[in-house]
Amino acid sequence: MATVTQQLDPGAGQFLSTAFPAFVRAGASFPVVGLAYDAAANEAASWLIRAVNYGTGGVTVHVDWYADTATAGDVVWQAQLAAITPDADTQDVETKALAMLNTVTDTHLGTVGQRLHRAIITVSNLDSLAVDDDVWVRIARDANNAADTMAGDAVLVMATVSYSDV
Amino acid sequence: MAVRFKASTDAYTSSVVPSGAFTCTCWVQLVSDLNYWTPVWGIFNGTGVYRYLATNSDGTSFTFFGQGTNLTGPNAVIGTWYRIGIVVNGTNVTMYHGTATGELTTATGTAGTAAANEFRIGGSTYTNEVLNGRVAAMKLWQAILTPEEIVAELAQYQPRRTANLLRYHPFLKAETIDYSGNGNTLTAGSTATTTEDGPPIPWGPIRPRLILPSAAAAPVSPPGAFFPFFP
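Those protein sequence lines, which keep their order, are chains R and Z. Okay, so the first sequence: first residue is -16 according to the numbering used here, each after it adds one. Okay, so the second sequence: first residue is 179 according to the numbering used here, each after it adds one.
Since the hints were made in silico from the structure, they are not lab data. Every residue gets a Cβ at the ideal spot worked out from N, C-alpha and C, and that includes glycine. Hints are supplied without guarantee of correctness; some may be wrong.
What follows is a set of in silico ranges between Cβ atoms, one per label pair, in the way DEER data are often shown [said to hold, decoys possible]:
{"no.": "1", "chain 1": "Z", "residue 1": "S193", "chain 2": "R", "residue 2": "S0", "range": "35 to 41 Å"}
{"no.": "2", "chain 1": "Z", "residue 1": "N342", "chain 2": "R", "residue 2": "R33", "range": "43 to 49 Å"}
{"no.": "3", "chain 1": "R", "residue 1": "S0", "chain 2": "Z", "residue 2": "N342", "range": "46 to 52 Å"}
{"no.": "4", "chain 1": "Z", "residue 1": "N306", "chain 2": "R", "residue 2": "A55", "range": "43 to 49 Å"}
{"no.": "5", "chain 1": "Z", "residue 1": "S235", "chain 2": "R", "residue 2": "G93", "range": "31 to 37 Å"}
{"no.": "6", "chain 1": "Z", "residue 1": "G287", "chain 2": "R", "residue 2": "T78", "range": "36 to 42 Å"}
{"no.": "7", "chain 1": "R", "residue 1": "T(-12)", "chain 2": "Z", "residue 2": "V255", "range": "40 to 46 Å"}
{"no.": "8", "chain 1": "R", "residue 1": "H100", "chain 2": "Z", "residue 2": "A292", "range": "56 to 62 Å"}
{"no.": "9", "chain 1": "R", "residue 1": "M83", "chain 2": "Z", "residue 2": "A199", "range": "48 to 54 Å"}
{"no.": "10", "chain 1": "R", "residue 1": "H100", "chain 2": "Z", "residue 2": "T258", "range": "30 to 36 Å"}
{"no.": "11", "chain 1": "Z", "residue 1": "V255", "chain 2": "R", "residue 2": "Q(-3)", "range": "21 to 27 Å"}
Residues from chain R that face chain Z, not an exhaustive set, calculated with beta carbons under 8 Å [unchecked claim]:
{"no.": "12", "residue": "D(-8)"}
{"no.": "13", "residue": "A(-5)"}
{"no.": "14", "residue": "G(-4)"}
{"no.": "15", "residue": "F(-2)"}
{"no.": "16", "residue": "F3"}
Which chain R residues stay away from chain Z? Per the calculated CB distances, all over 12 Å, these [as the list claims (entries may be wrong)]:
{"no.": "17", "residue": "D21"}
{"no.": "18", "residue": "A65"}
{"no.": "19", "residue": "H100"}
Work out the full structure, taking the sequences as your base and the hints as a guide.
Set out below in structure tokens:
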């Protein structure tokens, strides 16, 4: 048994034409790049992966993020999947819907504003995920949620998708 | 992200201009309708020589003015991002334009060939012509790109083609640096530009992923894969 982990690169995130996070670059000693999710509007980015060696069970999405300006508050992160089995599913890929989203509320740990946090989202709505499916992974900030209380952008610097191979 | 221009004194300039055939691609968004010619970028020699992308006098109809045929592009909706590629090949000019999705529309015409000596972004050499808008992912080649190359270049910040790249300004920040490696730094105007949200494109292509056999208890995806960000 092993855990398969796939990295989602912020530089490769894809967006719809509206409501998307800005690609940003900062850093003094090395480039810190990420996707800046707004505090006032829901924004989302998507990645396509293949569920290689997927076995059974849930999917875990880790979101590594930092606050652009805030030193406190909560961020509500969402993750959703849309899985298609090539050559088997007849679903039109361009009209495919996402499965129900899963969320986690992650709290800024304070002390230093731009410290790195990791939000862990347990994705239980798997959209009938099967091995070698093509899977669109959507990660959003639910900024309009009353539980999302952090001011300023939340910058996603990396995310991963992991699952068991058995 | 993108650079925001809003005053005539914001414009970036450079004395390094393309000569002969060239291609320029960028994303642009108008923030307000000035009901006047609104320049995005261009090459000039005073006001007597110009080949530049701007709006028409209505403030929203993107047009390439080249001292030949005025090429008409999209009639911009304020606040909407447009991707525009211009290919100048001698006296022939082609404009490729579209919004964030769908195929690009093509327009062709003619242009003059008189030598220019100034490159501008966010302004022109004509008094009162101002861009109140955002520009991102600007790339300029001293070469003719194919329609397929232009589509690919407009799909991401990073240049896919580096051959003959004369200047590259991603504008992730409001800055004047040329990231082509040619050192064609722009000169900032007397007033400061600002950094604002950019177009809906990724930085670059998805990196290759290594997926190990399930028997190996190891992760996938090379964490150290080459990803050339500029400091």
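Results of checking the hints against the structure:
Distance hint check: the CB atoms of S193(Z) and S0(R) are about 36 Å apart, consistent with the given range 35 to 41 Å. One distance hint, 43 to 49 Å for the beta-carbon pair N342(Z) and R33(R), is violated here, with the actual separation near 36 Å. A beta carbon spacing of about 30 Å between S0(R) and N342(Z) contradicts the range 46 to 52 Å that was offered as a hint. For N306(Z) and A55(R), the hinted distance range of 43 to 49 Å is satisfied, since their beta carbons lie about 47 Å from each other.
Checked against the given bound of 31 to 37 Å, the beta carbons of S235(Z) and G93(R), roughly 54 Å apart, lie outside it. In this structure the hint that G287(Z) and T78(R) lie 36 to 42 Å apart at CB holds, the actual value being about 38 Å. For T(-12)(R) and V255(Z), the hinted distance range of 40 to 46 Å is satisfied, since their beta carbons lie about 42 Å from each other. One distance hint, 56 to 62 Å for the beta-carbon pair H100(R) and A292(Z), holds here, with the actual separation near 57 Å.
At about 53 Å, the CB distance of M83(R) to A199(Z) agrees with the hint of 48 to 54 Å. Between H100(R) and T258(Z) the beta carbons are some 34 Å apart, a value that agrees with the proposed interval 30 to 36 Å. A C-beta distance of roughly 23 Å is found between V255(Z) and Q(-3)(R), which places it inside the suggested range of 21 to 27 Å. This hint holds: D(-8)(R) has a C-beta 6 Å from the nearest C-beta of chain Z, less than the 8 Å allowed.
At a threshold of 8 Å, the smallest CB-CB gap from A(-5)(R) to chain Z is about 4 Å, leaving the interface hint in force. With a least beta-carbon distance of about 6 Å to chain Z, the hint placing G(-4)(R) at the interface is held under the 8 Å criterion. For the restraint placing F(-2)(R) at the interface with chain Z, the shortest Cβ-Cβ distance is roughly 4 Å, inside the 8 Å limit, so the hint holds. Checking F3(R) against chain Z by beta carbon gives a least distance of about 5 Å; that is within 8 Å, so the hint holds.
Against the 12 Å criterion, D21(R) falls within the reach of chain Z, whose nearest CB is about 8 Å from its own CB. Distance check on A65(R): its Cβ is at least 17 Å (rounded) from any Cβ of chain Z, clearing the 12 Å threshold; non-interface status holds. Every CB of chain Z lies more than 12 Å from the CB of H100(R), the least distance being 19 Å, so the non-interface label holds.
Checked against the numbered hints above, the structure violates hints 2, 3, 5, 17; every other hint is satisfied.
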